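Each chain, letter by letter, is given below.
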Amino acid sequence: MKKAFLIGWKDVKLAFRDRAALLLMLAAPFLLTLGLGLVTGRFSGSSNTGISDIPFVIVNQDEGQLGTELVKVFESEDMADLLEPSSASDPVAARQAVDEDKLAAVIVIPAGFSESFFSSQDSIEAPAIELYSNPARPTSVGVITTILESFLARAEMIRAGSEVTLTQLLSTGRLQPQEVAAAAERMAEQQSEAGASNSSLTLKNVTESGAEVDFDVLAYMAPGMALMFLMFTTTNGGRSLLAEQRLGTLPRLLTTPVNTTQVLGGKVLGIFLTGAAQMLILIVASTLFFQLNWGDPLAVLLLVLAAVVGAVGWGMIITALARTPGQVSAVGSALMLGFGILGGSFINLDNMPNWFRVIAKITPNAWGLDGFNTLALGGGLANILTPILALLIMGVALFAISVFIINRRGFGQR
Amino acid sequence: MMAPILEVQNLVKKYGDFTAVKGISFDIKEGEIFSLLGPNGAGKTTTISVLSTLYTATGGSATIGGHSVFAEPMTVRQIIGIVPQELALYDDLTARENLSFWGQMYNLSGKTLATRINEVLEQIGLTDKANQRVKTYSGGMKRRVNIGVGLLHRPRLLFMDEPTVGIDPQSRRAILDSVKELNRQGMTVLYTTHYMEEAQELSDRVGIIDHGELIALGTQAELKSQVGQNETLVLAVAETDDPQILADKLKTVPGVLKADVIDHTITTITPDAQGIISPTILLANQLGIKINAIDIQEPNLEAVFLHLTGRALRD
Ligand SMILES: Nc1ncnc2c1ncn2[C@@H]1O[C@H](COP(=O)(O)OP(=O)(O)O)[C@@H](O)[C@H]1O
Ligand SMILES: [Mg+2]
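These protein sequences, in sequence, are chains A and B.
So this note's numbering is basically just the index in the first sequence, starting at one, shifted up by 707.
So this note's numbering is basically just the index in the second sequence, starting at one, shifted up by 11.
In short, the hints are calculated from the structure, not lab data.
Given the structure is predicted, the values throughout are model-derived calculations rather than measurements.
Incorrect hints may have been included.
As the list claims (entries may be wrong) - In silico DSBU-like pairs for lysine-lysine, Cα to Cα no more than 30 Å straight-line:
#1 K720(A) - K140(B)
#2 K720(A) - K122(B)
#3 K191(B) - K40(B)
#4 K146(B) - K709(A)
#5 K122(B) - K710(A)
#6 K710(A) - K140(B)
#7 K720(A) - K146(B)
#8 K710(A) - K153(B)
#9 K720(A) - K153(B)
#10 K301(B) - K709(A)
#11 K122(B) - K709(A)
#12 K709(A) - K153(B)
#13 K140(B) - K122(B)
#14 K146(B) - K710(A)
#15 K122(B) - K146(B)
Given these sequences and hints, build the entire structure.
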């Protein structure tokens, strides 16, 4: 067992020292994900703010009902993950904190806001809510703005007539003229929704807007790319078995006190560890650089391991059937691309005909993507047991067939 | 003489229909250097591959240290060390990492492993460059690492399969010297080569192999006595002249059995070396070729091979 591990570990080292392999293992999937992110506008703003726990301050100088309600909305349970509001009494200090990039924004609800809102018909004189925003955190500010606007829209509904608040926002320079149309549209939507139900704002309302759609694209593409290039790693690992035969290191291994099970086990372990390391590096990198939320870490880890098992099975079967390292590379590349397409790394399988989705099930990509998507949408381990099981069965079955073929052909023996 | 550490009886190895080794028998005594001398394709590597448990034999038997090579391969593997003909190293690992990996395959670990790695690095003269990746090494340095791997676990019997093929004279010299040194320290060596000079310099006993058959076996003296009276005349030709022209002419001289060119020396095989010195000098003068030195050598292994097969070793 120890020798198998040493053989495998040696292969992990070699894989991570092979520049060409690294390019395809890590650089390609990462850059493709990044490229797709750029194309879909995922990074249109600054990317150094995550859309969770947005820090901001509410200065509520209003004694009326409206101010209290607004604070309630921001502090509601539904917003707890997304927002991290705190209240303060000094707007100057709060603005300073924004300037120092400690906060995403300050919301100042001016004294007498409720009163004037409900009484005044003269929009010019009505005191406006001030949103002092941090330009370095456009996404966070966007989220707060959206919540604020939808709240105001609801308030407007009560008062009937939404043009006042828009004008207020405009007149204070908090809302750019070109944004008015969009804001108005959203307000209209919010109004109709608010009309339908009296419930307070939910996270869902907010995340249905703008940025969140792109976020979904990336959360879909990143695992797709990782799974596709995982197939490269496993077929390349299988290739190394035949390459070692040619290089003479495999025959040499078989003259040392190591048996064939240890050698084969070590090679497979090496491929497995390399693939797992590749996936985990890609996941951590996309979490750090793209603020991608992959979901429950334990479930993600188990799914990764299962996906690697499935992919290793394919890498081994190709190796068992091929005669030269070159054949493994060629078939491996074809399989990587084919499985990428078939398995949904490029196209959403939900839009494909039924027969296509059935065939897609032979790929680890399809099962893996299924699982990763479930997790990204908030699912837990219990929801991905089917893909995990399918991947494990796929890997073990393919591996068993491979070992049978390899043994029949004589492993290193003549 | 000590007991044999290796005994081979009627060893046969077929690749499909082709018989590469045709029932050879020999033994190697503890403490000796035994050379398998034979041209390319003679079956040297095949023999080593079978004896090192890599290939299964088609027939015959072999024991190493009293253990059957075929029935107890794992025990045998621990006794033997192997220096394969082709480099078998991981290019993207350093020399130290290679030694460490292979040492662990030979069940070394911890302090013993660390000590052995340092000793071997010293032995192969690569202590300074130990932490460079093998792919940055010259051919000679790689050969030395390849040898080092075979020495790590202090094998009782070391198989060296043409360890000097394709390297510069200096590295070759170093390798031959280290083989002698290892043997002096008590290691038994099975050395294969197609260079007559190497077998001659190193071996206590020699087996001459050709077309999968062992056509001669014994001490160098025993083998040479088979040749009869053939002698070798070695001519050192001036660097500026072409020795091939002279060699070609020499082949037509009566009594000259063979005239081979290696660099700027001509090796002539003849029953009467003294007798052909004057015709040789005459020929050289006619061709305007300058001879720097003339040396008459005793019958050698090249002559033995020629005598037994009618062919030259390195053709
Ligand atoms: N794996 C193999 N399959 C078929 N024939 C082989 C194989 N290896 C060697 N041979 C043949 O067996 C003969 C002996 O080869 P080998 O043992 O490598 O000779 P040597 O090492 O003396 O040069 C050669 O004719 C060679 O072509
Ligand atoms: Mg050979």
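Status of the hints after comparison with the structure:
Between K720(A) and K140(B), the direct Cα distance comes to roughly 20 Å. Compliance with the 30 Å bound is thereby established for this hinted pair. Between K720(A) and K122(B), the direct Cα distance comes to roughly 23 Å. Compliance with the 30 Å bound is thereby established for this hinted pair. At roughly 16 Å between alpha-carbon atoms, K191(B) and K40(B) fall within 30 Å of each other, so this suggested pair holds. For the hint linking K146(B) to K709(A), the alpha-carbon distance of about 27 Å falls within 30 Å, and the restraint holds.
Between K122(B) and K710(A), the direct Cα distance comes to roughly 18 Å. Compliance with the 30 Å bound is thereby established for this hinted pair. For the hint pairing K710(A) with K140(B), the CA-to-CA distance comes to about 27 Å; that is within 30 Å, so the pair holds. As the CA atoms of K720(A) and K146(B) are separated by approximately 15 Å, the hinted pair is consistent with the 30 Å bound. In summary, the hint linking K710(A) to K153(B) is supported, as the alpha carbons are separated by about 24 Å, within the 30 Å threshold.
At most 30 Å may separate the alpha-carbon atoms for a hinted pair to count; K720(A) and K153(B) meet this at roughly 20 Å. As the CA atoms of K301(B) and K709(A) are separated by approximately 65 Å, the hinted pair breaks the 30 Å bound. Of the pairs offered as hints, the one joining K122(B) and K709(A) holds, with about 17 Å between alpha carbons and a cut-off of 30 Å not exceeded. Restraint check for K709(A) and K153(B): satisfied, since their Cα atoms lie roughly 27 Å apart, inside the 30 Å limit.
A threshold of 30 Å between alpha carbons decides the hint, and for K140(B) with K122(B) the separation of about 21 Å falls inside it, so the pair holds. Distance check on the hinted pair: K146(B) and K710(A) sit about 24 Å apart at the alpha-carbon level, within 30 Å; holds. As the CA atoms of K122(B) and K146(B) are separated by approximately 27 Å, the hinted pair is consistent with the 30 Å bound.
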